[in-house]
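Colleague: Order-wise, the sequence lines are chains A and B. 295 is the number that my numbering gives the last residue of the first sequence; the numbers go up by one with no jumps. 635 is the number that my numbering gives the last residue of the second sequence; the numbers go up by one with no jumps.
Just to be clear, a hint being listed does not mean it is correct.
[What the hints assert, rightly or not] Pairs of lysine-lysine residues, derived as DSS-like cross-links and limited to a Cα-Cα distance of at most 27 Å, are as follows:
id	chain 1	residue 1	chain 2	residue 2
1	B	594	B	321
2	B	594	B	613
3	B	320	B	432
4	A	224	B	324
5	B	619	A	242
6	A	121	A	161
7	A	224	B	619
8	B	320	B	594
9	B	594	B	616
10	A	143	B	381
11	B	594	B	619
12	B	381	B	445
13	B	432	B	381
14	B	321	B	432
15	B	558	B	315
16	B	320	B	381
17	B	553	A	224
18	A	227	B	381
19	A	227	B	553
20	B	381	B	321
21	B	558	B	324
22	A	224	B	436
23	A	235	A	224
24	B	558	B	619
25	A	227	B	321
26	B	381	A	235
Calculated directly from the structure, the hints in this document are not laboratory data.
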Amino acid sequence: MMHPVVVCHGGVQSVSDLNSTVVHEAATAGYQILANNGSALDAVVESVRVLEDCPALNAALGSNLQLDGVVRCDAGVMTSSGHYGACIGTSIIKNPILLAKEIVHHRVNLLHGQYADKFGKDKGLAAVDNSYFKVEKRLSRWKDSQTLAGCDTVGAVAIDKDGLLAAASSTGGLTTCIPGRVGDSAISGQGLAVDPEIGAITATGTGEFIAKQCTSKDVLQKIKYLKLDPLTAAKETFQEYKTQFREDAIAAIFVSNDGVPCIYAESDSLEWAVVGDKFNASGFHNHDKNLFATS
Amino acid sequence: MDESSFLIIHAGAGFHAERKRSSYKKLLKHCLQIGVQSFNEISTAVDCVERVVCHLEDSPLTNAGCGSNLSLDGTVESEALVSDGKSCGSVAAIIGFKNPIKCARAVFDNQLLPSQLGRVPPCFLVAQGAERFLEDKGIEKVPADLLLTKESRSIFNEACARLCKELKAPSLCTVGALAYHNNTIAVANSSGGILLKHPGRIGPSCLFGVGSWASYQPEMSLAITVTGIGEQIMKTNLASTIGHQLFNVNVPLMFLLKDNFQKFYIESSFLDNEEPLVGIIVLRKSSTAVELAWIHSSKSFAIGYGTSSHLKYFVSEKLSKVEKTFELGGVNFSLKDHFK
Numbered sequence: 001m002m003h004p005v006v007v008c009h010g011g012v013q014s015v016s017d018l019n020s021t022v023v024h025e026a027a028t029a030g031y032q033i034l035a036n037n038g039s040a041l042d043a044v045v046e047s048v049r050v051l052e053d054c055p056a057l058n059a060a061l062g063s064n065l066q067l068d069g070v071v072r073c074d075a076g077v078m079t080s081s082g083h084y085g086a087c088i089g090t091s092i093i094k095n096p097i098l099l100a101k102e103i104v105h106h107r108v109n110l111l112h113g114q115y116a117d118k119f120g121k122d123k124g125l126a127a128v129d130n131s132y133f134k135v136e137k138r139l140s141r142w143k144d145s146q147t148l149a150g151c152d153t154v155g156a157v158a159i160d161k162d163g164l165l166a167a168a169s170s171t172g173g174l175t176t177c178i179p180g181r182v183g184d185s186a187i188s189g190q191g192l193a194v195d196p197e198i199g200a201i202t203a204t205g206t207g208e209f210i211a212k213q214c215t216s217k218d219v220l221q222k223i224k225y226l227k228l229d230p231l232t233a234a235k236e237t238f239q240e241y242k243t244q245f246r247e248d249a250i251a252a253i254f255v256s257n258d259g260v261p262c263i264y265a266e267s268d269s270l271e272w273a274v275v276g277d278k279f280n281a282s283g284f285h286n287h288d289k290n291l292f293a294t295s
Numbered sequence: 296m297d298e299s300s301f302l303i304i305h306a307g308a309g310f311h312a313e314r315k316r317s318s319y320k321k322l323l324k325h326c327l328q329i330g331v332q333s334f335n336e337i338s339t340a341v342d343c344v345e346r347v348v349c350h351l352e353d354s355p356l357t358n359a360g361c362g363s364n365l366s367l368d369g370t371v372e373s374e375a376l377v378s379d380g381k382s383c384g385s386v387a388a389i390i391g392f393k394n395p396i397k398c399a400r401a402v403f404d405n406q407l408l409p410s411q412l413g414r415v416p417p418c419f420l421v422a423q424g425a426e427r428f429l430e431d432k433g434i435e436k437v438p439a440d441l442l443l444t445k446e447s448r449s450i451f452n453e454a455c456a457r458l459c460k461e462l463k464a465p466s467l468c469t470v471g472a473l474a475y476h477n478n479t480i481a482v483a484n485s486s487g488g489i490l491l492k493h494p495g496r497i498g499p500s501c502l503f504g505v506g507s508w509a510s511y512q513p514e515m516s517l518a519i520t521v522t523g524i525g526e527q528i529m530k531t532n533l534a535s536t537i538g539h540q541l542f543n544v545n546v547p548l549m550f551l552l553k554d555n556f557q558k559f560y561i562e563s564s565f566l567d568n569e570e571p572l573v574g575i576i577v578l579r580k581s582s583t584a585v586e587l588a589w590i591h592s593s594k595s596f597a598i599g600y601g602t603s604s605h606l607k608y609f610v611s612e613k614l615s616k617v618e619k620t621f622e623l624g625g626v627n628f629s630l631k632d633h634f635k
C-alpha cells in the first residue's frame, strides 16, 4: 500500500502580499481526502478548489482579466488510469476545476466557453456573475494595461493509497491577453501530464512556451527514457525552455509513482506545500534540499 | 534518385466506402500536385502544408472546412493547427471560416510580428475571441451554412434520427499534411470534429503534442499527425508520445513507428476495451535522408505522398478484420547533396 501525498503550488511569481498558508491549507485539504481513502483525483480537485477560492491567486476568484475586461478560466485534471477532463475559457462557473471533474465523468474530454459553462450549470455546479472573479489588484493591472512576464497557475499532484496518480491545474490566464487566448494549463502533455510508470506533474510558467515545449510531458520523457532523476530531468527541460524562449520563470511539481515528491522552480518565488503520511512542509521558496529542491 | 522537397498527406482514417474510393484518390492526387507545384513558388514547408490543407478543406469529401461533420446543434465548429517544429499556431471552436488552416496560420504568423506592449502573443485562440482576431486579420468568412453539404446534412439528420452520437463510420476525423522543404519542416491539420459532437467540445486536432507534433533541429527533424478517435488520441497524447520515440536513425522509420504504435497505443492501458481506431503519418528528416511512413488500425486510410518526380496516392485498406491489428508502409528518399 502506498503512503499518499499531495503537492500543491500557487504559481510562479506569486504576488508578494500572498497569505502564505493557503497553499498549505490546500495540500492539507487534499490530504484529508486521501487519508479517508479518497482517490488521487478527488484529492487534487479539492486542493485546486481551495486555491481557486483564494483571491490572491490567479485562478477563478482573483484571476487576470483578458483584454476585453472579462475573466476566462482554464482548468484540467488527469489521472494515471487514463481519465482526462478539461474546460477552457469559462466565465461563470465558480470553480472551474469542479467543472473539469464533471467533464471527466461524462467523457467529453475538453469543452470551451459558454458550452462548458452551460454544461456545468446543468450538472448543478455553482455559477456566478463574471464580476465575482475580479479583484482590485487584477482590475488595476488590467486598467493600466500592465503585463506580467509570466503567468500564475495553481496546481496539485497526488498519489493515493492504491498508487493511482493525478494532476490538476487551474488558471485565469495571462493578463490583458487577446480574448479567447488559451494557454497550457488545461492541456494534456503541456500544463499537466501523468504516466503510471513514472508519476504526475504539473508545470507553471508562460503558457505559450509551455505549450510549444510540452513541458510536462518533456520532463516525464526524460525521467523515463534518459533514466534521469526527476530533479535533473526538470533542470534539463527548464534549461532548454530558458534557452529557447529566453524566459526564466518556470516551475513544476511532481510526485513519482512510488510516492516521492519533487518541486523544482527556476524562479525563486514559487509558493508550495507538501502534505502526506510522511511529509508536512511548505514554503515560499525552498532551502531544504534534502527533500525538495529549487534552483 | 535524390530529392529535395517532400510531402505526405492524408484525407482521414476510418471507413472509405468502395464507391467513393476513386474520388478520394482523385482528391489526393490533386492535392499532391498542388503541393509539389508549390515547392517551386514557396519558401517554407509551412507555406506548402497550408496550401495543401486548404484544398483538402475545400473538398466536400473531407471532414474539414466544407463538408465537415455537424455538431449536435447542427453547426460546423472547426479546429486546426500548423507548426514548423519550433512554434505553432492553432484555433478551435470557430464558425463560418472557409479555411480553418488559414486561421491557424494567422495565429502562427502573428507571433512573428514585433511584440506589442511586451505581451506574449497567443499560440492558441478559441471561439468568439478567435473569430474577432481573424476578422481583424482579414481571414475569409463565409455564411456558416456554406460549409454544409447535402451529404453532411443528411448524415446529420440520419444520425439524429437514430440518436446515435458516436457513429464511427463514415465520419473521418481530420485531414493532415507534413512537408520538408528548403531546410524547414511543417505539420498542418484541420477538422470539423466528430459527428454530433457535444456543443463546445474541442478535439485533439488543435492541441500541439496531442493530435500533431513537430520538432525541428538542424541535424534531425520530425513531424507527425494523428487522426482517429479523438478521446483515444487525447488520453494517450499520441502525437508526441510516439513522435519522441522515432528519432533513432539507425532504425528505419516504418519499423520504429510500428513498434511504438503497438506499445503506446494498441497496448495502452488507457484504452480500456475500446477498439483502437487511428491513422498516423510521419516525416523524418536526418542529415542524409527523408523518410515517410504511415500506419493505421482503422479499416482504411486515404494517403498520398509526393516529390517533384514521384507521386503516389491510395486508400490503404486493413485486410484483417481482427481488432488491434494495423497496416503500415514507408518510403525512404536520399537528400540531394547540397541540402545535407
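Colleague: The structure should be examined with respect to each hint, and the outcome stated for every one.
Modeller: Results for each hint:
Straight-line distance between C-alpha atoms of residue 594 (chain B) and residue 321 (chain B) comes to about 20 Å, which keeps the hinted pair within the 27 Å bound. Taken as a hint, the residue 594 (chain B) and residue 613 (chain B) pair is honoured in the structure, with Cα atoms around 5 Å apart against an allowance of 27 Å. For the hint linking residue 320 (chain B) to residue 432 (chain B), the alpha-carbon distance of about 34 Å lies beyond 27 Å, and the restraint is violated. With a C-alpha separation of about 41 Å, the suggested pair residue 224 (chain A) and residue 324 (chain B) falls outside the 27 Å cut-off, and the hint is violated.
A hinted pair counts as satisfied when its Cα atoms are at most 27 Å apart, and residue 619 (chain B) with residue 242 (chain A) does not qualify at roughly 41 Å. Only pairs whose Cα atoms come within 27 Å are accepted, and residue 121 (chain A) paired with residue 161 (chain A) is rejected, the gap being roughly 32 Å. As the CA atoms of residue 224 (chain A) and residue 619 (chain B) are separated by approximately 25 Å, the hinted pair is consistent with the 27 Å bound. Restraint check: the Cα-Cα separation between residue 320 (chain B) and residue 594 (chain B) comes to about 16 Å, which is no more than 27 Å; the hinted pair holds.
This hinted pair checks out: residue 594 (chain B) and residue 616 (chain B) have alpha carbons roughly 8 Å apart, not beyond 27 Å. Only pairs whose Cα atoms come within 27 Å are accepted, and residue 143 (chain A) paired with residue 381 (chain B) is rejected, the gap being roughly 33 Å. For the hint linking residue 594 (chain B) to residue 619 (chain B), the alpha-carbon distance of about 11 Å falls within 27 Å, and the restraint holds. The suggested pairing of residue 381 (chain B) with residue 445 (chain B) is violated, with an alpha-carbon distance near 40 Å, which exceeds 27 Å.
Taking the CA atoms of residue 432 (chain B) and residue 381 (chain B), the gap is about 23 Å. The hint holds against a cut of 27 Å. Distance restraint check for residue 321 (chain B) and residue 432 (chain B): the Cα-Cα separation of roughly 33 Å exceeds the 27 Å cut-off, and the hinted pair is therefore not satisfied. Note on residue 558 (chain B) and residue 315 (chain B): the hinted pairing is violated, with a Cα-Cα distance of about 33 Å set against a maximum of 27 Å. Between the alpha carbons of residue 320 (chain B) and residue 381 (chain B) the distance comes to roughly 32 Å, so the proposed pair goes past 27 Å and is violated.
For the given pair, residue 553 (chain B) sits about 20 Å from residue 224 (chain A) by alpha-carbon distance, which is consistent with the 27 Å threshold. Of the supplied pair hints, the one linking residue 227 (chain A) and residue 381 (chain B) holds, its CA atoms being roughly 25 Å apart against a limit of 27 Å. A threshold of 27 Å between alpha carbons decides the hint, and for residue 227 (chain A) with residue 553 (chain B) the separation of about 23 Å falls inside it, so the pair holds. Distance check on the hinted pair: residue 381 (chain B) and residue 321 (chain B) sit about 33 Å apart at the alpha-carbon level, beyond 27 Å; violated.
In summary, the hint linking residue 558 (chain B) to residue 324 (chain B) is not supported, as the alpha carbons are separated by about 33 Å, beyond the 27 Å threshold. Taken as a hint, the residue 224 (chain A) and residue 436 (chain B) pair is broken in the structure, with Cα atoms around 46 Å apart against an allowance of 27 Å. Between residue 235 (chain A) and residue 224 (chain A), the direct Cα distance comes to roughly 15 Å. Compliance with the 27 Å bound is thereby established for this hinted pair. Under the criterion of a C-alpha separation no larger than 27 Å, the hint pairing residue 558 (chain B) with residue 619 (chain B) is consistent with the structure, at around 12 Å.
Annotation: proposed proximity of residue 227 (chain A) to residue 321 (chain B) is violated, straight-line Cα distance about 48 Å (limit 27 Å). At roughly 20 Å between alpha-carbon atoms, residue 381 (chain B) and residue 235 (chain A) fall within 27 Å of each other, so this suggested pair holds.
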